[in-house]
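J.: Starting from the given sequences, assemble the full structure and let the hints guide the process.
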Amino acid sequence: MKNHIQKGDVITVPAPAGGTVSGEGVIVGNIFGVAAYSAAVGEPVELATIGVYQLPKATAAVLTVGARVAWDNTAKNINVPGTGRFPVGIATEAAGNGITSVAVRLDGVGTVAA
Numbered sequence: 027m028k029n030h031i032q033k034g035d036v037i038t039v040p041a042p043a044g045g046t047v048s049g050e051g052v053i054v055g056n057i058f059g060v061a062a063y064s065a066a067v068g069e070p071v072e073l074a075t076i077g078v079y080q081l082p083k084a085t086a087a088v089l090t091v092g093a094r095v096a097w098d099n100t101a102k103n104i105n106v107p108g109t110g111r112f113p114v115g116i117a118t119e120a121a122g123n124g125i126t127s128v129a130v131r132l133d134g135v136g137t138v139a140a
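Residue numbers for the sequence shown, in this note's numbering: 27 to 140.
Source of the hints: derived by calculation from the structure; they are not laboratory data. Don't be surprised by glycine CBs; every beta carbon is placed ideally from N, CA and C. Any given hint could be a false lead.
To be verified - Restraint ranges, calculated between C-beta atoms of paired labels, are given here:
| no. | residue 1 | residue 2 | range |
| --- | --- | --- | --- |
| 1 | G45 | E119 | 28 to 34 Å |
| 2 | V88 | T38 | 31 to 37 Å |
| 3 | G68 | S127 | 27 to 33 Å |
| 4 | I57 | H30 | 16 to 22 Å |
| 5 | R131 | V54 | 16 to 22 Å |
| 6 | V47 | A86 | 19 to 25 Å |
| 7 | N29 | N123 | 44 to 50 Å |
| 8 | R94 | T126 | 17 to 23 Å |
| 9 | E119 | S64 | 23 to 29 Å |
T.: Shown next as structure tokens:
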């Protein structure tokens, strides 16, 4: 197709306020992804929007395999869905209270919950 731009599993966007750190979850508008590298605010940065990534988790959150998860952009971690959290995908492993990271399959879709 002559109008195809890219697959979309990795997209390039301007780094948001505060910039990005390689491997960190990032929200730009209604896009969530994992930064491929560090970038200063406004610089182009590649975000992986699909795939499985080990991400920081709210210590007290209890997640089961297949549980829907959301990104808390204030705490910069995965948590259960809730007000002000951005849905990002599903947990691909169980992670209980006291566990500080979890494997998440990003689904490439999301909007901050009201």
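J.: So which hints don't hold here, by number, going up?
T.: none
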